[in-house]
Structure formats: C-alpha cells, structure tokens
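Enquirer: Given next are the chains, with one letter for each unit.
Number of protein chains: 2
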Amino acid sequence: MSIRIGIFGYGNLGRGVENAIKQNDDMELVAVFTRRDPSSLKINTPTAKVYNANMLSEMTDKIDVMILCGGSATDLPKQTPELARLYNVVDSFDTHAKIPEHFENVDKSAKEGAKVALISVGWDPGMFSLNRMYAGAILPNGKDYTFWGKGVSQGHSDAIRRIDGVLDAKQYTIPVDAALDAVRSGSNPELTARQKHTRECFVVLKDGADKEKIEAEIKNMPNYFADYDTTVHFISKQELDRDHAGIPHGGFVIRSGVTGANLEHKHIIEYSLKLDSNPEFTASVIVAYARAAARLSKEGVCGCKTVLDVPPSYLSSKDGATLRKELL
Amino acid sequence: MSIRIGIFGYGNLGRGVENAIKQNDDMELVAVFTRRDPSSLKINTPTAKVYNANMLSEMTDKIDVMILCGGSATDLPKQTPELARLYNVVDSFDTHAKIPEHFENVDKSAKEGAKVALISVGWDPGMFSLNRMYAGAILPNGKDYTFWGKGVSQGHSDAIRRIDGVLDAKQYTIPVDAALDAVRSGSNPELTARQKHTRECFVVLKDGADKEKIEAEIKNMPNYFADYDTTVHFISKQELDRDHAGIPHGGFVIRSGVTGANLEHKHIIEYSLKLDSNPEFTASVIVAYARAAARLSKEGVCGCKTVLDVPPSYLSSKDGATLRKELL
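The listed protein sequences correspond, in order, to chains A and B.
As numbered in this note's numbering, the first sequence has no gaps in its residue numbers, which increase by one up to the final residue, 328.
As numbered in this note's numbering, the second sequence has no gaps in its residue numbers, which increase by one up to the final residue, 656.
None of these hints come from the bench; they were simulated from the model.
No experiment lies behind these values; they were computed from the predicted model shown.
C-beta atoms are modelled at their ideal positions from N, C-alpha and C, and glycine is treated no differently.
Just to be clear, a hint being listed does not mean it is correct.
Stated by the list, open to error - What follows is a set of in silico ranges between Cβ atoms, one per label pair, in the way DEER data are often shown: (1) A:GLU239 - B:ALA554: 50 to 60 Å; (2) A:ASP177 - B:GLY483: 28 to 38 Å; (3) B:SER367 - A:ASN262: 18 to 28 Å; (4) B:ASP571 - A:ASN262: 17 to 27 Å; (5) A:ASP61 - B:GLU592: 29 to 39 Å.
Extracted from the complex, chain A is given alone in its bound form (with noise of 0.2 Å):
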C-alpha cells in the first residue's frame, strides 16, 4: 500500500515535495491543505484534492505523513508542535539557533499523540548536518569548513528589497575559490566571512531613486553585507526576470583531518550540492525522510527525530537485501 502524505502550504517547497512524490511509486498525494480559498489552487495531482486549513484535524485516517511546507519564521514554530499530535510530520525548520527549541517542542507533543516527527530536514540544515557528522565521527582530529553556493540568498534578496528606492532584487552567496583551495590543501586555514564567501546583487531601482546611495546602503549594512566583498549590479527588472528568475543553490562541507601514530597523515573529506532549484532539491530530501517516518511509525518509534536519528536504509523504498546488492 503507498505511503500517503499531506502537504500543508502551496509554495514553492510544496509544489516541490508534489513533483518529488510523483518520482517515488510507493508514495500518494492525497491532500494539500493552504489558508488561502481552496478553490484559487490548482494543483498538479489530479487525484488530490485541495483543503481549507480548517480541515487539518479532519484528515487523520487518510494520510500517514504531513509534510510541513511553511516558513521558519513564524509557521512551523507553531504548525510543527500542533500537527505532530495527530499526523506523522515532516519539516525543513531551518533557523539553525533556535532547533534545540523547536526540538522540545515537537518531541512532547508528538510524544502525546504517539506520532513522529522529523524536523529540519533538507540540506542545510539536513544533508550538509548529517555529512559534517560523519566526517566528524571518522576524523576527530580536525576541523569543518561550511561554504553555501553558488546560489541565491533569499534572506540577502529581501534584505536589499527592503531599502527605500529598490523595486527588486537578488543577492548570490559565491564561495572563494582560493578559500576552497586553502582548505582542500588540509591547512586548516582560519577563514573570515570575508575570505569565504563574496556577495553579488542585481537591483532593480524604482525612478528616481539614487544608485550611490542605494549602492552605498547594502555594501554598509551590518551582518548581511559589511563584512563581505559585495558587488552591486543595477539592472531592469525585464533583465532581472530573464536572468534571474531561477533559485539554484548549493555548497560544500568540507572537512580536513589527521591520522596516524603521528598525525602525519592527512584527509580531506567533502561533500557538494550544485542544484538548479534550492526548493525542489529540498522537497526531494523531504520525501525521502517522509517514508522514513512513515517506517518508524510502523515500528511504534515515537517522538522528534533529526537526519541525524535516521538509519540510512530507512530513506529507501528497497529492501536490505537489494541495498546491499546494488549499493554496498
């Protein structure tokens, strides 16, 4: 029987986990919930149907996971906690500071409805968490590095958005290739946000508006951009929407360490995403850990779970029989 799963929110995360359901044969979407007027979806899966949010609680016997398709700002603080009661869950919370809260949080209400709830799963945090795990447990002599893009920030666009006289924008995070270098060498060089990742904006300006100012405005503005090399490109908002339209992202988690009776042995560990579509990639890595959670349910596993609590096979529609044939 497939594994029948929930969306709830209509972005672009959950048109993602939608296309990414439709690549996994023993999964079903039976439901898209949205708080905005059912009727104004249209969705992508002929057999699902739309829902009022309204209609969250009404639905439990029907579908084996919800996955969480809201922001991490205000929605799934409060979504993820409500739903685990009475839903297997799935979300991709993704302020890193704030985990071990919302962590407590989903674990004593999924606990109180016997359900499980994976949280901040995607790729970072996600799969760039869960790599920095095992490099770390393999070389305990030796240091992490985290390098995110070439890709588009989402909070760095809106940040530009938000000055006076910008119409549009986006922001790219671009890696420092010498920085890459320096760490692949094994170094382990100290690195400053600076000498990490440099910053390029594409701005479209409303009329009037003064370029030098505006430009002058992002470079300076704490903790987004003073403490980068940021370039500003001021363009039309058609060259904006033809060039810039995409949401491609990625990284590296790299790590470097030493072995041997006398340390003399270096190890360069690395793992890198190059995706064309951030949310689409993160959709992906939800649904896979949507059968996971469907599986511990199974095995009456309660409780909040991370990628980090989840035995790898777990991710699979396949046997362990097949696993070890095809993979090992």
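Take the given structure of chain A and dock chain B to it, following the hints.
Expert: Showing chain B alone in chain A's frame:
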C-alpha cells in the same frame, strides 16, 4: 566506562585501528591478537596486551568490540562468522560481489551468539555506499558514478609483481578529469572503463629482464589493464622506495539527477575523499562504527548490520542534544 576494543590482525589496517582508537577518549585498546608469535609483535599501546590467536575465545568478558583486520580473500569469510558468535565485531570485508553471502553467514552466527556484527565498514564499501544510498533516495530520477583515485591499487600492484622479471611495482588508479567534468555537467554520459580511469605503473625490473616484453605484458593483461590507457615507468628500487612508499587513495561518488514538473532542474550531489593513507582512513571509519556496535549491542540489537542500517548519531560519543546543537 570506556568501550574495550580488541584487534585481530596487526598489519597496516590493525595499526591504523590502534592509532584511531587513541583519537577517541571513550575507547580503549585492550588486546591485539595475532597468528604470529606474540613476543615478535611490538605494539604502540603500553596498556594493551598481545595474545596469540588461539586465545581469541578466552577474552569474551574483557572486550566489548572485536575489530577484524584480516583480508577479504581468505581471512574474513572464515573469521567474521566464527568470532561474531563470541563478540560484537566490525570488519571491512570489501569483495563487493560476495557481500550478500558474507552477510548471511555472519548474520546467522551473530544471532546465535546474540551479538552485533557490522560488516563491510570502510570507504568503499562503506562511506561511498552510504553516499550512493542517500543520493539515490533523494534523487530517484538520476544516475550514479563512482570514480577511484588517485590512489594505489593493491590488487593491480600485485598483478604486476607476479610478472616474471618484475622485482617490485606500484600501480596508481587515476580518474580522468574530462569524465569527472562531464558527469558534473549533468549530461549523464555513458562512460567506458577507459574513459573513466587511467592506470599508471611504476615498475622495478630484475637484472636482465626484458623491458619491452614486460611493458606489453602489463598493458595487455586482461581485466586489470587491457581496458585502460596504461602508462608504465621503469624506475630503480631506490626510487620506488623513496617516491612511492605511501598508500594514498580516494575517489568520487557523484549522483546527477533531475526534479521539477518537467524534470527541468538538474542537481549534482558529489562526495569525495582525498586520503594520504588508505588503511588509516579505513581504520578511522571502522573505529567510529565500533562505537555504534557497542551501543547497538547495549540496546539489545543482534545480527549482522551494515553502514546502511546504523543511525548516524550512533557513530558519535556526543549525546543527541549536543549533536543537534553543534551540527544540525
């Protein structure tokens, strides 16, 4: 209390395990078992003892995990099932085609002894298998590529050494940059053995050996070299010992896949290793999994497992809350 480790077999891998244990505060090497005369073995851990292999059945109350450092050809197929009856064990059995059979044999005896046995732990099989597992589950619509090197292939070096007139030899397997680039482009190329790797041989001849004949014999050797572009360098024994004493290795696991309503978005997941010492890195992976074996056993788990079955967090000595805070 420390996890008490035994090592059976004290070659390159066994010495690597001994060194790796020193990097993990929660572990302690208790004993090294050898088929040689114990008094002939000089180990680097003053607190550990050396025993003859005939003492292997006598230490079951003093050792939590026995690490088997023998070879896959003849040692492990016999040793792992035998010892999994008595101890939690970890081995690095790496004959890919025979893993299913080895698994069955080990599983049976581990269950009889109510012990945990982790087999095929290392980097390929091992970390490479894990990465094929994760990447394939995340991007079901895609293609896997594994490249090895640059590194010393023991099997290919041995094959050259068996040729009449050869005194000594080292063979490096080298991935072809153009093939790596083609894979990273997302074009999903079909690649022949020749297109993926080249082979570089450093050969020391015996006095009076026929250089041309030996070079031809190497290049035309079926399975080992005939399907590859092979370079042969004849050097002195002194040069071989000076420039080719190390055992570096490494490689790449790359999955290229697509997502989106029309499969319009490409994604590249790449995992790579660059290792100064193949046996020491393998040993480091094994030691992390020895920790997992001890924990699984404490939880009452028994039977044969592989890296695909073990929750990532079990590799670490840190608790869940610390891992979530530091790594997620």
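Enquirer: Against this structure, judge whether each hint is valid.
Expert: For each hint, the structure was consulted:
no.	hint	verdict
1	A:GLU239 - B:ALA554: 50 to 60 Å	holds (55 Å)
2	A:ASP177 - B:GLY483: 28 to 38 Å	holds (36 Å)
3	B:SER367 - A:ASN262: 18 to 28 Å	holds (26 Å)
4	B:ASP571 - A:ASN262: 17 to 27 Å	holds (20 Å)
5	A:ASP61 - B:GLU592: 29 to 39 Å	holds (36 Å)
Taken one by one, the earlier hints all hold for this structure without exception.
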